[in-house]
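Asks: Chains U and Z, in that order, give the protein sequences.
Each residue of the first sequence is one higher than the one before, starting from 30 at the first, in the numbering used here.
Each residue of the second sequence is one higher than the one before, starting from 9 at the first, in the numbering used here.
Heads up, some of the hints might be wrong.
Claimed, not checked - For lysine to aspartate or glutamate, the following DMTMM-like pairs were computed, each having C-alpha atoms within a straight-line distance of at most 25 Å:
1. U/361 x Z/100
2. Z/39 x U/286
3. Z/39 x U/298
4. Z/57 x Z/100
5. Z/102 x Z/82
What the hints assert, rightly or not - With the Cβ distance kept under 7 Å, some of the chain Z side facing chain U (calculated, not the full set):
6. 102
7. 118
8. 149
9. 151
These aren't lab readings, by the way, just hints derived from the structure by calculation.
As the structure is a prediction and not an experimental result, all values here were calculated from the model.
Heads up, the beta-carbon is just placed ideally off N, CA and C, and yes, glycines get one too.
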Amino acid sequence: MENNSLNRQQSSIVLEGQPATVTAAVGVAAAGTGTGTGTSTGRGGLGAVGAWLDDRLGLSALRYKVPAHANTFWYTMGGITFMGIVVLVLTGLWMGQYYNPDPVSARASVIYIQNTAPLGDIIRGVHVWAAYLVVITAALHLIRVFVTASYKVPREVNWLVGLAMLVLLMFGGVFTGTVLRWDQEAYEAMTHNMELASLLGAAGGFFSAGFTTSVGMLPRLFMAHVSIVPLFLLLFLIGHIFLIKHHSLSPTPAQSDAGEAPHGRLPEEKETGHYPTHARIMVGYGLALLGLAAMMGIVFPQGIGPAPDPTMEVTKPPFIFFWLYAFEDWFKVQGIFYAAVVVFGFLALLPFIDRSPWRALRRRPVIMAIGVVLLVAIIVLSVMVAVAPVKSHLG
Amino acid sequence: MNRILLTIFVALSLAGALALTNITALADGAKGVAVQPLTPKAGDVITVKGDLLGPNSTVEVRVIGMGVDIDLGEVDADANGDFSAQFRLPEDLKPGTYQVRATGAESATTSITVLGIGGGAAGEGAMGAAPVLKERPLGESLLLVAVFGAVSAIGLVIARTAREKPAKA
Chain U
30 MENNSLNRQQ SSIVLEGQPA TVTAAVGVAA AGTGTGTGTS TGRGGLGAVG AWLDDRLGLS
90 ALRYKVPAHA NTFWYTMGGI TFMGIVVLVL TGLWMGQYYN PDPVSARASV IYIQNTAPLG
150 DIIRGVHVWA AYLVVITAAL HLIRVFVTAS YKVPREVNWL VGLAMLVLLM FGGVFTGTVL
210 RWDQEAYEAM THNMELASLL GAAGGFFSAG FTTSVGMLPR LFMAHVSIVP LFLLLFLIGH
270 IFLIKHHSLS PTPAQSDAGE APHGRLPEEK ETGHYPTHAR IMVGYGLALL GLAAMMGIVF
330 PQGIGPAPDP TMEVTKPPFI FFWLYAFEDW FKVQGIFYAA VVVFGFLALL PFIDRSPWRA
390 LRRRPVIMAI GVVLLVAIIV LSVMVAVAPV KSHLG
Chain Z
9 MNRILLTIFV ALSLAGALAL TNITALADGA KGVAVQPLTP KAGDVITVKG DLLGPNSTVE
69 VRVIGMGVDI DLGEVDADAN GDFSAQFRLP EDLKPGTYQV RATGAESATT SITVLGIGGG
129 AAGEGAMGAA PVLKERPLGE SLLLVAVFGA VSAIGLVIAR TAREKPAKA
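Given the sequences, and given the hints that come with them, work out the whole structure.
Replies: Structure representation (structure tokens):
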């Protein structure tokens with residue numbers, strides 16, 4: 030429904046009987062000079078430079094309507110995650126100028142970033158903590174969608190796309206980033222990668238050391254970290270945003286259960302918010318996330334562990350993987366794989382399991398119970414692992 | 009409907025439990041090869057251990073990478089297809105990452121990183137001793153925290169003061 034404003038603009042174009050492209054430009058320009066119809070989709074308030082840019086870039090197309098609740102904190106969580114990804118890309122680009130993915134020099138280059146490169150320790154701190162915060166905000170976004178049942182018709186596919194992005198962030202982004210440090214924890218992470226790849230059989234070939242003899246695992250994981258993962262993340266992100274635009278933001282459970290949103294969409298007249306406000310909130314919280322990541326990086330600076338000793342297993346993974354590490358404690362390395370398959374498999378099936386028309390949580394007691402059990406289990410397991418000594422699982 | 013959901017949940021839980029039970033059986037059953045140390049120097053002796061590479065098969069161990077493919081030697085696996093043997097790396101092996109491939113009836117591969125003299129490329133000490141990281145003076149840290157705290161605060165102000173204009177029909 031968010032594109033209704035554009036549709037309306039195009040409708041007026043047809044009524045005026047002029048070529049669409051010409052009339053659109055005129056309509057925008059008229060709104061900018063205050064002589065047009067002054068709809069909320071115009072560019073009123075833009076200066077001459079803004080009008081010039083708008084003529085060429087169509088920025089006023091972003092001034093479409095959204096449901097009023099789009100501009101609340103919880104419904105901005107996806108946007109905050111997006112801003113965090115932008116921070117990751119920018120800091121990653123900077124660190125990429127100093128990092129050397131050759132196993133012989135990798136660790137030394139990380140030490141160089143930390144000790145010598147200008148602002149190196151700060152940028153690295155921001156990058157690492159922003160990565161953790163992005164996973165947390167993505168998880169909170171998922172929880173919001175879970176609680177409000179926004180995964181229901183017609184948004185099932187977008188739920189899957191979002192879930193894929195979370196998996197990509199966790200296992201593609203954070204995991205490969207951990208290995209790049211090339212210290213003891215990195216080596217253990219890479220060994221886990223190789224063992225898990227062997228579990229996947231032929232499908233794991235690409236992720237295993239034996240896939241090729243021409244290049245080692247570290248350069249391949251670096252390539253995945255800076256190229257494959259961001260590329261797929263971008264593709265999923267485009268799909269995610271397109272589908273949000275296509276379906277419009279989901280109504281609140283109260284609106285949906287009151288029958289105000291046929292087929293999961295609020296009627297146009299009930300969309301009383303504006304995307305620019307949403308964008309401003311998103312940028313504001315994104316800035317707050319950047320500042321928080323930087324403060325965390327300064328208060329809890331990122332170390333570099335001892336040089337790898339393949340005969341030892343003495344580290345734990347980053348805290349976002351603690352809950353999976355618990356399963357590894359119980360069932361060895363395979364536990365990670367099967368626990369992840371069960372949890373993410375359930376989440377992937379959720380829109381196809383929960384097919385009731387209701388969206389309020391109190392009308393979905395079974396789903397609510399499963400969600401609470403999952404969340405509590407993840408938190409409890411994470412705390413258990415945090416306080417437990419390291420166990421050896423490999424070999 | 010709730011009964012159906014409950015049934016599905018129980019079925020999923022059982023499936024998960026079965027899967028988790030099953031993996032305990034898989035835990036020690038994978039073929040593979042491991043090398044110690046992981047970061048030898050050229051000329052060093054390495055210990056290569058293989059698992060499940062074919063009962064009683066003759067296993068060929070090769071070092072591959074950096075433009076070379078070197079036969080380190082052969083070793084006989086036991087009735088389980090397991091073996092452990094020591095090999096000396098060539099003295100002229102260049103620093104870099106290599107694959108160690110063990111091929112019997114089955115094949116498995118792992119990676120090693122051969123270090124140059126001094127423990128790393130260009131004598132930078134990669135994979136060497138624990139690094140000494142620069143420590144920021146307390147005052148500088150406090151200043152930076154204050155600066156980034158201000159950035160966060162500005163962000164929060166921007167987010168919290170975003171005003172919604174009344175929509176026009």
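Asks: Give a verdict on every hint.
Replies: Taking the hints in turn, this is what the structure says about them:
| no. | hint | in the structure |
| --- | --- | --- |
| 1 | U/361 x Z/100 | violated, 39 Å |
| 2 | Z/39 x U/286 | violated, 55 Å |
| 3 | Z/39 x U/298 | violated, 64 Å |
| 4 | Z/57 x Z/100 | holds, 24 Å |
| 5 | Z/102 x Z/82 | holds, 23 Å |
| 6 | 102 | violated, 10 Å |
| 7 | 118 | holds, 6 Å |
| 8 | 149 | holds, 5 Å |
| 9 | 151 | violated, 10 Å |
Going down the numbered hints, you'll see the structure goes against 1, 2, 3, 6, 9, while the others check out.
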